[in-house]
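> Now for the letters of each chain:
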Amino acid sequence: MTVELLRKPKIINVGARNFHDSLIAQGADSVHVDWKPPAGGDQEMMKLLDKLDKL
Amino acid sequence: MGKIEEVNEKAVKRILDAKPVATGIKKAKDVIPGMTERTLLHAGPPIEWERMSGPTRGAVMGAAIFEDWAGDEIEAAKLAESGEITFAPCHDHDAVGPMAGVISPSMSVYVVENQEHGNKAYCNLNEGLGKVLRYGAYSKEVIEKLKWMEETMAPVLAEAFKRSGPIDLKEIISKALHMGDEGHCRNVATSLIFLKTMVPYMMETGFDRETISKVMKFMGDNVLTFLNLLMPACKAMLDAGHGIEYSTIVTALSRNGTDFGIRVSGLPGRWFTASAPVPKTLFFPGFKEGDQGRDLGDSAIAETMGLGGFASATAPAVVQVIGGTPQDAANYSREMGEITVAENPSFTIPFLNFQGAPLGIDIRKVVETGILPFINTGVAHKDPGVGGVGFGVLRAPMDCFKKALRAFAEEYK
Amino acid sequence: MVVKSLVLKNEYRDSIFLMRISKRLEELEGVQKASAIMATDANKDLLRDAGMLTDEIKGASSNDLVIVIDAVSSERAGEVISSAEGILAEEAKKRVEEAEVIYKTLDSAIGAEAESNLVLISVPGEFAAREAERALKAGKHVMIFSDGVSEEDEIRLKRLGREKGLLVMGPDCGTAIINGIGLGFANVVKRGSVGVVAASGTGAQEVSSLISAGPGISHVIGTGGRDLHDEIGGITMLMGLQSLADDSGTKTIVLVSKPPSPEVAKRILKAASEVGKPTVVNFLGGDPKIIEEINLTPADTLEDAAAKAIALQRGEKPKRVTFSADLNEVKNIAEKEYKRIAPDQRYIRGIYSGGTFCSEAMLIVRDLVGDVNSNVPLKPELKLKDSNKSKEHTFVDMGDDEFTAEISKPHPMIYHELRQKRILQEASDSETLVILLDVVLGYGAHEDPAGALAPTLREAKKIAEREGRYLPVIASVCGTPQDPQNLTAQEKKLKDAGVVVMPSNAQAARMAALIATKGGAWNKMVG
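Going down the list, the protein sequences come from chains A, B and C.
At position 10 of the first sequence the residue is numbered 10 (our numbering), and the sequence of numbers has no breaks.
Numbers given in our numbering equal positions in the second sequence, counted from 1, plus 55.
Numbers given in our numbering equal positions in the third sequence, counted from 1, plus 468.
With the rest of the complex left out, here is chain A (with noise of 0.2 Å):
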């Protein structure tokens, strides 16, 4: 699997924006993710999410 990602890395950036920029001016595969902090940090909610990803 590490040979496709050393071949060509098509990158998914999450967080700051600048990354996403400097892979873009240097001509290379990435889209960017404009990331909030899940259920806007709302930690009784990000508990119960979690919890149900288990099931």
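Treat the hints with care, as some may be off.
As the list claims (entries may be wrong) - Which chain C residues stay away from chain A? Per the calculated CB distances, all over 12 Å, these:
1) Val470
2) Asn478
3) Ile549
4) Ala557
5) Ser729
6) Pro746
7) Leu764
8) Leu795
9) Asn796
10) Leu836
11) Leu846
12) Gln893
13) Ser898
14) Arg926
15) Asn954
As the list claims (entries may be wrong) - Going by beta-carbon spacing under 8 Å, a handful of chain B positions derived as facing chain A:
16) Gly425
17) Leu460
18) Arg461
19) Ala464
20) Tyr467
Everything labelled a hint here was simulated from the structure, so no lab data went into it.
Backbone N, C-alpha and C define an ideal beta-carbon position, used for all residues, glycine too.
Starting from the known structure of chain A, arrange chains B and C on it as the hints suggest.
Chains B and C only, in chain A's frame:
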């Protein structure tokens, strides 16, 4: 794949496999399950008279007058307060109603059947825009029109349906999405297709030409004629995916002018409610900010099915009307993709390279992303007895989804 | 009313786009009518009716895009026509930018981008593990730039990655270069066949920048700062090593880390020796003997690692570099600086943005001058009580969590205010003898670090001068001539501010030591 993902996939498959067809017109008391001689169904989650919004009260009073239970709004109000009228959500009786959504026993309703799974859905006939019952008006003109619809329009259409056989509603919606409709605030193309389909059969009925002509004109002049067929079509499709254990798919978004409620597939029999938001409104001439009531109607069943606000990209005109750009319209459709689990291959969006409309709102995704369902809607005046004041947009309230998530985690430990 | 036209053969644009162009052109001064249109017969008729059908357009085909201007003068018409192609390009570019899809969640990005193979995560630490786990479960390699991820989470993620054959680079991994593409903070390096696996971001940056001047880099795989701790066991360094072993484009390997646990070091060295490619190992402060014993090549500084890798790649014998410049020149530069020092000035003050640079410099200076206090000391007893107050010889790593997290400021490689303040603080301290700095270029870093620091450094020297002292400033610039900031221009800005610019972090530390000992350390250094 997790258990919930697996089950949601099954639920969505049922929704996609559903085949809603319109089979005829019947009186509410004859077909709607649980309808009594003194039942008034209404849009949205359960609500008592004391908490009802202005337009819903207006529609209730108008319906009571229409049914001859009361002579005027004062008598009607007394009757409603007395507890003699049984109020119930349309949704809990296999029905849907736009705006106040009041369906009374003697009203004619479209009968829609899901030929794939057998479930049915019902909706009253659309009165047009402005001063109408569903926007809370109850004047003499309103009642007279309702009586005309009941005594003249419904019988003509009922006869026409007998000759036409079942009308494929999904097909009409699919076509109209490529003609600038989004299925909630814009039903111009759907209504035209429906009218042109029914005209030959209406002509074949035994009614005189003048009567038929008046009915056709009424339907042709009303750009929302098909809304009252689209809504039960969507309900019939979504109900096929309702009541599936472990599913987090939303099967109804619905409002009564006071509360906004959602139904979730894996939690049947329950409503999750929060205060209904006030829509951001573009007003008809003569109305202004502050006139609008809170969000109202079962018509958000369109959004629940990936139409309306979710399909904004098919009808940039709608978003432009409220100050957005065509790019904004496309962005709304994309944004709704973040909170849904599938795309509907039957309802495709040309502007987005014929991507399917976003289908299957997942309460988990709504809570996780903070992205709320985007709704385009008609807006009623906040007071009873006035009518429609314009069109608007809003987001479903987060609290509904958080409540549902809590209940889901409690139920499925 | 002069009509001029331009025919772009075999260029197609849709009608709505062309309407936008026409509108833009018509808004220009001196333009009465403008049309951007495909030269179909129907359109030619329209132009004829408008008096705008030139001979040139008559001869154009329906596959050609034509632009025609009716302007107030021949000159103006000509000007507008000349600018028309540029306007076309601009509008087309706008379209592309508008059309860029930005996802709101990792899940929807993964759903839509089936071919993606790496997720680069730089969200706040408390959320990073969650996103990384999702990425791994979706079958993607992961680079976690974020720090503040717990060790338990790191272990869990790396084990999951190992199970699935996926790389987990990080947490706290600032740099990777995969097939010529720099991720995070990375320099623009020449492509070649030296591969690097590094548990240090700035370490990877300096090594790759120096090798770029030689045979060039195949890949740089980051592991994150904690990878070689006992609990984690070097999972990523081992996987990275294996990837480079399997990569036909990699002929020589360099491993970089701060001191690993002895157990982990042993495992890694064993794995490296089994790869069969020449391998240089820079375990900062580590014992060179155990490396030599299994026929690998030890290096004691980043620069040394780069030099040895270059030599091995070329089949040459590795040489030891103390200073790259002519030794007499070095002596003279040092003398010029230290002869103006006031008697009270005693201590070296290092103000670093890169943790590894800081540690490496401390090791070098310790042997030549004495112990160095720090917020990231080599020995616990050298830990500063207050990281904001220097004590004797002091080197601070301002990229460390305590500086970046507490005021939630971005890294000092991007944000210079903290370092600027510290520089002035040290300049005002009469005991400061010399200031030592690292300046890091490349993608992700500030667009002009030297420009941001130079005014402060000038002021620092002025402060010292006003109080009867002289303040030498030594810096190394980590970067390549291809970096966006332009290495030569950066070095010049610093030199113009009176900074002594050295070719590597190690040499900068040695120069500082030379100045601090007024030449006394010379024999130890070159002997």
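> Now, for every hint given, state plainly whether the structure supports it.
Each hint tested on the structure:
no.	hint	result
1	Val470	holds, 42 Å
2	Asn478	holds, 26 Å
3	Ile549	holds, 32 Å
4	Ala557	holds, 18 Å
5	Ser729	holds, 25 Å
6	Pro746	holds, 19 Å
7	Leu764	holds, 22 Å
8	Leu795	holds, 39 Å
9	Asn796	holds, 42 Å
10	Leu836	holds, 38 Å
11	Leu846	holds, 32 Å
12	Gln893	holds, 29 Å
13	Ser898	holds, 40 Å
14	Arg926	holds, 29 Å
15	Asn954	holds, 15 Å
16	Gly425	holds, 5 Å
17	Leu460	holds, 5 Å
18	Arg461	holds, 7 Å
19	Ala464	holds, 5 Å
20	Tyr467	holds, 7 Å
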